[in-house]
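Student: Sequence:
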Amino acid sequence: MPQASKAVPLLYTNRRTEMVGNGATLWKLPPERMVIRDQLGMERTTVAGPYSEGDNIKLRCDVYGGRPTPTVTWYRDTVPMAADTKYMPLGKHLRSEIALGPLTRQDLHTKLVCRATNHARANPVEQSVQIDMNFAPLNIRLIGAHQPLSAGRRYDLLCQSAGSRPAASITWFLDGVRLDKSKETTSADGNQTTSTLSIVLNRTDAGKYLSCKAYNSYVQSDALEDGWQLDIQCK
Numbered sequence: 001m002p003q004a005s006k007a008v009p010l011l012y013t014n015r016r017t018e019m020v021g022n023g024a025t026l027w028k029l030p031p032e033r034m035v036i037r038d039q040l041g042m043e044r045t046t047v048a049g050p051y052s053e054g055d056n057i058k059l060r061c062d063v064y065g066g067r068p069t070p071t072v073t074w075y076r077d078t079v080p081m082a083a084d085t086k087y088m089p090l091g092k093h094l095r096s097e098i099a100l101g102p103l104t105r106q107d108l109h110t111k112l113v114c115r116a117t118n119h120a121r122a123n124p125v126e127q128s129v130q131i132d133m134n135f136a137p138l139n140i141r142l143i144g145a146h147q148p149l150s151a152g153r154r155y156d157l158l159c160q161s162a163g164s165r166p167a168a169s170i171t172w173f174l175d176g177v178r179l180d181k182s183k184e185t186t187s188a189d190g191n192q193t194t195s196t197l198s199i200v201l202n203r204t205d206a207g208k209y210l211s212c213k214a215y216n217s218y219v220q221s222d223a224l225e226d227g228w229q230l231d232i233q234c235k
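Taking UniProt numbering, the leading residue of the sequence shown gets 1, the next gets one more, and so forth.
A couple of the hints might just be wrong.
Stated by the list, open to error - Calculated pairs, SDA-like style, for lysine to any residue (alpha carbon to alpha carbon, straight line, at most 20 Å):
#1 Lys235 / Tyr155
#2 Lys58 / His119
#3 Lys208 / Ser182
#4 Lys28 / Pro68
#5 Lys235 / Arg153
#6 Lys92 / Leu108
#7 Lys208 / Ser169
#8 Lys28 / Tyr87
#9 Lys183 / Leu158
#10 Lys92 / Trp27
#11 Lys58 / Leu29
Said to hold, decoys possible - So the derived label-pair ranges between C-beta atoms look like this:
#12 Ser128 / Val177: 44 to 52 Å
#13 Met81 / Asp231: 55 to 63 Å
#14 Tyr64 / Ser221: 39 to 47 Å
#15 Thr45 / Tyr155: 32 to 40 Å
These are calculated hints, taken from the structure and not from any lab test. None of these values were measured; they are calculated from a predicted model. Ideal Cβ positions, reconstructed from N, Cα and C, are used throughout, including at glycine.
Given only the sequences and the hints, what does the whole structure look like? Please build it.
Tutor: Structure, rendered in structure tokens:
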């Protein structure tokens with residue numbers, strides 16, 4: 001008596017099949033994976049950057065697998081972008097590259113999405129990143145400047161700077177000599193830095209230039225400065 005054939009378990013996958021004219025089965029396979037890299041080849045999973053104002057950048061999206069060949073589209077906050085897409089025979093994958101810039105402050109936190117699809121009934125595969133940026137300070141103000149000061153009296157002078165990301169650092173100078181007795185505070189949103197200098201001046205400081213400077217060490221730009229020539233009143 002012939003033996004009963006063994007049952008073969010069914011495997012459910014994302015593959016879709018269609019019959020072509022000669023009766024052969026055509027497998028439709030979704031893209032296996034995708035990777036976003038910057039111009040240095042570094043993989044970016046959630047954030048690209050940080051960049052600076054004026055930077056021109058490139059990002060590429062490498063898409064592996066998929067049959068038929070996927071269509072790759074970049075989006076900037078849901079708006080389709082122009083991209084250069086080509087097949088990379090050595091790595092056997094698609095590469096889609098975009099260029100942005102010069103970057104401005106408005107580009108901070110822009111969401112960039114790379115999306116790949118190869119048939120209408122399948123959910124697209126996508127990867128996204130947000131642009132991170134550093135900013136130089138926009139302004140600086142030495143509060144209470146240009147007022148006469150009394151010799152021998154202690155003053156708490158304030159210097160404020162806004163617009164830097166991350167928060168600006170502030171340094172004080174008296175005739176070009178750095179003063180170290182100051183304290184910094186940063187606003188809750190990180191946008192404004194306030195530095196307080198506690199100082200006692202004497203008559204020999206009359207005519208000297210007291211100033212504060214704000215800078216962001218992560219940005220290649222000149223420091224902002226505010227100050228005035230001291231008018232010291234003696235009792």
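Student: All the hints need checking, so say for each whether the structure fits it.
Tutor: Hints versus structure:
Between Lys235 and Tyr155 the alpha-carbon distance is near 16 Å, which keeps this suggested pair within the 20 Å criterion. A distance of roughly 28 Å separates the Cα atoms of Lys58 and His119; the hinted pair therefore is violated under the 20 Å criterion. With a C-alpha separation of about 19 Å, the suggested pairing of Lys208 with Ser182 holds against the 20 Å cut-off. Distance hint between Lys28 and Pro68 is fulfilled; the C-alpha atoms sit about 6 Å from each other, no more than 20 Å.
A C-alpha spacing of about 11 Å is found between Lys235 and Arg153, which places the hinted pair at or below 20 Å, so the restraint holds. Taking the CA atoms of Lys92 and Leu108, the gap is near 34 Å; set against the 20 Å cutoff, the hint is violated. At roughly 23 Å between alpha-carbon atoms, Lys208 and Ser169 are farther apart than 20 Å, so this suggested pair is violated. Note on Lys28 and Tyr87: the hinted pairing holds, with a Cα-Cα distance of about 19 Å set against a maximum of 20 Å.
For the suggested pair Lys183 and Leu158, the alpha carbons sit about 10 Å apart, so the restraint of at most 20 Å is met. The suggested pairing of Lys92 with Trp27 holds, with an alpha-carbon distance near 18 Å, which does not exceed 20 Å. For a cut-off of 20 Å, the pair hint linking Lys58 to Leu29 is broken: about 29 Å separates their Cα positions. Distance hint check for Ser128 and Val177: the Cβ-Cβ separation is about 50 Å, which falls inside the suggested range of 44 to 52 Å.
For the pair Met81 and Asp231, the beta carbons lie near 58 Å from each other, so the given range of 55 to 63 Å is met. In this structure the supplied range 39 to 47 Å holds for Tyr64 paired with Ser221, their Cβ-Cβ distance being about 40 Å. For Thr45 and Tyr155, the Cβ-Cβ distance of about 50 Å falls outside the hinted range of 32 to 40 Å, so the restraint is violated.
Going through the hint list in order, the structure does not satisfy hints 2, 6, 7, 11, 15.
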